[in-house]
Amino acid sequence: IFNSVIHSIISIHMSFWSKLKFSYDKTPSSQKYILFINQFKDLLKDKYTSIQEEHSHISTGLIKLEQTFSEVATMKEELSVKQKELEIKNNTASQKLSLMATEQQKAQITREEAMKLFQEVKVQSETITTKSKDIKLELSQVEPALEESKEALSIIDRNMLNEIRVMHTPSHLIKLAIGAVYELITGNNPDEWKNVRTYLSKDDFIQTVRNFKTESITPERRQCMNKYLQNEKFTPEQIARGSTTCVPLVKWVRAHIGYNDILMKIEPLRLELSRLELQKETKEKQAKDLQNSINELESKIEEYKIEYSVLIREIEEVKLTLSQIERKVSISSTLLTNLELEQKRWAASHLTFQHKKNCLIGNCILSAAFIVYFGNFDKRTRDLLWHTWIDILNDVNISFDTNLLRVEYLTTPSECMQWGNLGLPSENLCLENATILKYSKNFSFVIDPSGQAVQFLFNMYKERKAISTSFLNATFKKELESAVRFGNILIVNNAEFYDPILNNLIERDFKRQDNRNIITIAGQDIDLSPSFKIFLITSDPAFIVPSNIGSRMCVTNFTVTFSGLESQCLYQIFKNERPDLEEKRIQLTKLQGEYSLTLYNLQKKLLLVLNEAQGGLLDDDRVVTTLQQLNQQSNEINSKVEDSKNHLIVVNTSLEFYLPFATMCSSIYFLLTDLYAVNNLYHYSLKFFFDIFNSVFSEMKSSSSNDASDRLGCLIKILFKKLVERVIYGLLKKDKQLFFILLAKIYLKYLPNSEILVESVDFFVKNKSIIVTKDKFIDFSKFSQDAKISLNRLLVLKQFSTSAKKIDGCCDELYNWSKNSKVNLPCPKCWIDVENVDQNIFTALNSLLLCYSLSPNDSFILFDKFLNSVFGDDLLKLYYSQLNLSKVVMEEISSETPVILLSVAGYDPTSWIDDLTANSSVKNTVHVAMGSSESCVNAEKALSDSSKYGYWLVLKNIHLASHWIKDLEKKLVELKHNPNFRLFLTAEISSNLPSSLLRSSRFLTFEPPPGIKSCMSRTFNIISSTRFSKKPKERSKIYFLVAWTHAIITERLYYSNLGWSKTYDFSETDLRVAFDMVDSWVDRVAGDRLNLPPEKMPWNAMKSLLCLSIYGSYM
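So for the sequence shown, UniProt numbering puts the first residue at 1; every next one is plus one.
Think of the hints as simulated: they come from the structure by calculation, not from any bench. Ideal Cβ placement from N, Cα and C applies to all residues, glycine included. It is possible that part of the hints are untrue.
As the list claims (entries may be wrong) - Derived pair list, reagent style PhoX-like, types lysine-lysine, alpha-carbon separation capped at 20 Å:
hint, residue 1, residue 2
1, Lys133, Lys265
2, Lys32, Lys438
3, Lys788, Lys819
4, Lys441, Lys41
5, Lys265, Lys213
6, Lys736, Lys721
7, Lys774, Lys805
8, Lys41, Lys438
9, Lys776, Lys788
10, Lys136, Lys213
11, Lys438, Lys45
12, Lys477, Lys533
13, Lys788, Lys806
14, Lys283, Lys116
15, Lys798, Lys829
16, Lys640, Lys584
17, Lys106, Lys227
18, Lys1037, Lys1096
What the hints assert, rightly or not - Computed spacing ranges between beta-carbons, pair by pair:
hint, residue 1, residue 2, range
19, Thr475, Asp509, 22 to 30 Å
20, Ser1025, Glu934, 53 to 61 Å
21, Lys734, Asn992, 13 to 21 Å
22, Asn503, Leu405, 35 to 43 Å
23, Ser132, Glu232, 30 to 38 Å
24, Lys701, Lys1103, 53 to 61 Å
25, Leu404, Asp967, 43 to 51 Å
26, Ala474, Ser399, 37 to 45 Å
27, Thr475, Tyr949, 21 to 29 Å
28, Ala929, Ile37, 51 to 59 Å
Could you build all of it, start to finish, from the sequences and the hints given here?
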């Protein structure tokens, strides 16, 4: 492989002359070869490290994702076990809860019953209390008497009773008193005193009396006691008369009977009270039993609660564990699902690592060659080089990516995004150049015709305050020294005027001194700052970088490409026609770029987080959260990208409507740039094209149409009109038809079904290269050999390919048509009809093709018809119109654009300038004739003064001072021009003027007008109306005769050997001298008369002067 690499590097470097046969100035030097090798080494090292790091990161990321998948599977199993455990505990808890609810329900019912009983007991207690109070109130009325009677009994002793006991026949009162006591206590009738005495004699009589309970009195006994109470003598007072001893007993009896009456009265109450008390006791007992039941139930419920709380706590713990597992599983599953796309991308990338390693050397060789060699070439040459280098690598069997994208391989999306934000166009050529500048270790030489690269560099180094200067600035040396010393960025314009003062700097010819780099600039030693950078800028796309500069600098060519210009035109059209959508497009494009960049960075950060995670991903919530956030942001950005894409599709649909017009504009510019192949005079700058392009929209502002299709048609029409107005007067007469043919090809290309029309127009350019073999040659009768060959070539076209017999059948008709006037005579139709094609254009084109094949000299008649069918009458008029120099000078150019008047030998275009100045307000016009030794000095002084004061300067015959033209270009760049300043340069058409001067100027060609009519029109355009109206009136008629004579004489020059024996240098100067001669003789003869009879005219004198002096002097 080592030998193959060496062979490929050498072959790539040598391929410029060995395979591609490049000229010496385009062949890279040995310094480039050394740079190529070093660049390859650096790239190989960087890319190998990058691949290894990427491989490591992706491998680690994939491993961690696999581990996470395994962990998730384990957690799912654990989740299943926990779910079953939770289900069991939930069932147990439900049972406990159900049992607890049942017991609580029982307790509640019991509690309600107990409460009801307690309420009843309370009510009964209140009733008992009330009834007790009533009983006590009743008893309180007799209890004092009862107590009093009991107290009275205390005074009775046995002796006092013995007095009564001994009596055998007591008094009635005593007997009444004692009998009442006896009957009350015993219930026996006291009729027998003996029995009474016996009972009274008992030892415990007094005690029995004292202990007598009123409650023992039966109703019967109470009934028997009424006889005593009804006895009037049964009162203490009456009894006291019989015995004082019996008084207490009477009181006792009366008290007990009264008490008994009360008791009998309250007996229902007492019974009710007893019943209530009994019920109360029963209910209290029941309530107590119920309370005991409640307490038992509550105790059970409390146990159930404890058991339930334990279960709930266990359930909550299981749930917490379960939720944590579920959360992890959910997050990880979601994360892994979302990362599945990334995993697939990483896995796919992982599989390509071996391929990347295998292709690493080949890719680095191609990339290094791209960086070192590509910069100076345009896109076409770059593609040629690339394919050549690919073939070299294939020959030595070095692997590489067949679809290697140079920019993407050497840059990151963020860099491309940043370049776009800094103003770099998005076309591939510009991105390649920016990539080359990024890797280049040399100072840069930039070819930038459009100025976009310079603006990009200024934006890129805005923070470092890049300094803009020029090789033409008087202060250039000081600015260079300051930038070198302080490490500034120096952007030097007008690099085509390179100053050798930079040689040491570019060659890096510095010396080391005390750890400093010292460089010599213009004999002065200066410290070279490591941060110093210099960019040399030229806007001349044709500038050839000298080999001594190109070999030591990084040359980058920002010359516009077809697609790049097409995009610029398209966006400019859209900006003018649909400014609202263009602004939206810019915003969406910018947003999409930002979103894509953010997405790219998020993907990188995602991989980085995976690599930095310690242990398992799911063990670190911070990592999981970060990954989740990154993935969420990534999804959001993806959504926004898709949304912006959808919006862009809508905008781009409107944008594509103008794409054909933009393509047409780009085609026109490259047509202009390719015209130099027709004549070396035809060099047009990008600025010239954009002036035409922008003028289209300036004129379009006056259009009132709002229909997009109508406006697009107007844009195309105005574009071609403006283009022809600014180009036609710079073309030679012999090239104008070719220009319009090529222009028609561009126009027709964008018509529907235009392939056959474009192919037919191409025939005018390619017909001479078409070879007709003898076996296919058809011998059309009556026609000349040249006509036969042309007709056979014509058969390659589709509409004529199958009509050979048709042409042969109408040979007579074609022959007669070719020999006669074609102004009003239609061409015989000998072609096949084609559908869906503009028939007017198709007929006019086929007629022109036949005329061009049969009688080329007459084709201009049908060319006009073809031109009119394609572009309309306006462009046809412009084709034959006369130059309006005043419009060109006053409206179309500025003071910075010289006007070059190119003429054939012997034709002096300065008369046009004289006519223009005579009819304008220009005060001073300076004429300097070049060619003498002092003319350059005079021209420089005149240029400085005229530029300063706004004069018009005419430098005649600039081709005679070709050595000074470079100094002239420098002066034009150096000087600050007064807006009124105009510079006119005259030169011969055959002169070899520098392309840079032609490109920066507006050039006009002047030839004797073709055709008598054109010549006559030109003549009367240069005669002022004042001169034409001078008396006598016959003067104008003589002018007409002189103009006619001049037209005949000059027109005969086009018919060599027939018109004149040789080409004489007749010019408009001869015509002007002839007019002056007429004025002299007419004024001498006519005096102040208004009319001059013909016989008075000095015919002989004027004829003689015309024949012998003015025109005859050439012979």
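Now the hints, each set against the structure:
1. Taken as a hint, the Lys133 and Lys265 pair is honoured in the structure, with Cα atoms around 14 Å apart against an allowance of 20 Å.
2. For the hint linking Lys32 to Lys438, the alpha-carbon distance of about 17 Å falls within 20 Å, and the restraint holds.
3. Simply put, Lys788 and Lys819 have alpha-carbon atoms about 15 Å apart, close enough for the 20 Å limit, and the pair holds.
4. Only pairs whose Cα atoms come within 20 Å are accepted, and Lys441 paired with Lys41 is accepted, the gap being roughly 14 Å.
5. The hinted pair formed by Lys265 and Lys213 meets the criterion: a straight-line CA distance of about 16 Å does not exceed 20 Å.
6. Note on Lys736 and Lys721: the hinted pairing holds, with a Cα-Cα distance of about 15 Å set against a maximum of 20 Å.
7. For the suggested pair Lys774 and Lys805, the alpha carbons sit about 18 Å apart, so the restraint of at most 20 Å is met.
8. A threshold of 20 Å between alpha carbons decides the hint, and for Lys41 with Lys438 the separation of about 17 Å falls inside it, so the pair holds.
9. Note on Lys776 and Lys788: the hinted pairing holds, with a Cα-Cα distance of about 12 Å set against a maximum of 20 Å.
10. The straight-line distance between the Cα atoms of Lys136 and Lys213 is roughly 17 Å, inside the 20 Å bound, and the hint therefore holds.
11. Of the supplied pair hints, the one linking Lys438 and Lys45 holds, its CA atoms being roughly 17 Å apart against a limit of 20 Å.
12. Proximity of Lys477 to Lys533 is assessed by CA-CA distance (about 15 Å); at most 20 Å being required, the pair is judged to hold.
13. For a cut-off of 20 Å, the pair hint linking Lys788 to Lys806 stands: about 15 Å separates their Cα positions.
14. As the CA atoms of Lys283 and Lys116 are separated by approximately 10 Å, the hinted pair is consistent with the 20 Å bound.
15. Note on Lys798 and Lys829: the hinted pairing holds, with a Cα-Cα distance of about 15 Å set against a maximum of 20 Å.
16. Distance check on the hinted pair: Lys640 and Lys584 sit about 15 Å apart at the alpha-carbon level, within 20 Å; holds.
17. About 65 Å separates the Cα atoms of Lys106 and Lys227, which puts this hinted pair outside 20 Å; it is violated.
18. Using a Cα cut-off of 20 Å, the hinted pair Lys1037 and Lys1096 holds, with the two alpha carbons roughly 14 Å apart.
19. For Thr475 paired with Asp509, a C-beta distance near 24 Å keeps the hint of 22 to 30 Å intact.
20. Restraint check, Ser1025 to Glu934: a C-beta distance of roughly 40 Å breaks the suggested window 53 to 61 Å.
21. Under the hint 13 to 21 Å, the C-beta atoms of Lys734 and Asn992, about 19 Å apart, fit the expected range.
22. Between Asn503 and Leu405 the CB atoms are about 37 Å apart, so this pair conforms to the stated range of 35 to 43 Å.
23. In this structure the supplied range 30 to 38 Å holds for Ser132 paired with Glu232, their Cβ-Cβ distance being about 37 Å.
24. Between Lys701 and Lys1103, the C-beta spacing of about 57 Å keeps the proposed range 53 to 61 Å intact.
25. Between Leu404 and Asp967 the beta carbons are some 47 Å apart, a value that agrees with the proposed interval 43 to 51 Å.
26. At roughly 57 Å, the beta carbons of Ala474 and Ser399 sit outside the given window of 37 to 45 Å.
27. A hinted range of 21 to 29 Å holds for the C-beta pair Thr475 and Tyr949, which are about 25 Å apart.
28. Hint check: Ala929 to Ile37, Cβ distance near 57 Å, so the stated range 51 to 59 Å holds.
In terms of the numbered hints stated before, the structure departs from hints 17, 20 and 26, listed from lowest to highest.
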